[in-house]
Amino acid sequence: MLEKYNDMIWFLVGVFTYRAITTVIAYGHMANFVTSVNKQCLKLLGMVTEDVSFSRQLKYMNLEKSGLPEENVEEIKRLDDRAFSIWKNATVGNMLTNFPRNYRYLLNYDDWQSAMDELDSIYKNDKKNKK
Numbered sequence: 001m002l003e004k005y006n007d008m009i010w011f012l013v014g015v016f017t018y019r020a021i022t023t024v025i026a027y028g029h030m031a032n033f034v035t036s037v038n039k040q041c042l043k044l045l046g047m048v049t050e051d052v053s054f055s056r057q058l059k060y061m062n063l064e065k066s067g068l069p070e071e072n073v074e075e076i077k078r079l080d081d082r083a084f085s086i087w088k089n090a091t092v093g094n095m096l097t098n099f100p101r102n103y104r105y106l107l108n109y110d111d112w113q114s115a116m117d118e119l120d121s122i123y124k125n126d127k128k129n130k131k
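For the record, in the sequence shown the residue sitting at position 64 is 64 according to the working numbering, with numbers rising by one throughout.
Read the hints as simulated data drawn from the structure, not as lab findings. Warning: the hint list may mix true and false statements.
[Stated by the list, open to error] With a straight-line Cα cutoff of 25 Å, these simulated PhoX-like cross-link-like pairs (lysine-lysine) come out:
id	residue 1	residue 2
1	Lys43	Lys88
2	Lys39	Lys59
3	Lys65	Lys77
4	Lys39	Lys127
5	Lys88	Lys77
6	Lys130	Lys43
7	Lys124	Lys39
8	Lys39	Lys128
9	Lys59	Lys130
10	Lys59	Lys88
11	Lys128	Lys43
12	Lys88	Lys39
13	Lys39	Lys130
14	Lys88	Lys128
15	Lys124	Lys43
My request is simple: use the sequences and hints to build the entire structure.
The structure is reproduced here in structure tokens:
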């Protein structure tokens, strides 16, 4: 009796095998894509942070040159530090929240400092790969 359905059984086995293999391959490609996007986001975040820090230094130099009392400049620095710290933590928090759940195991950070440590390792690996 099974001989009667032999061709159909092999066809179904082939369909399921094909679906399983393409799912695994697609998952691997998506993991590579998500990793690449994450690296680029961290690089962009690092560049923005450098630019903001540089702009803040220019701001403080100009405030001091303008004759603003030192205590006012220090208060502005404290407020800016607090706002910048909140921004950094919120940015990493948003990245973590919006990262696809199935691929969160790819992340090696959970706060600002560990994200910057991950960025350092990305730059080190990029430097090694260029050699």
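Review point. Which of the listed hints are not met by the structure?
Key: 2, 9 and 14
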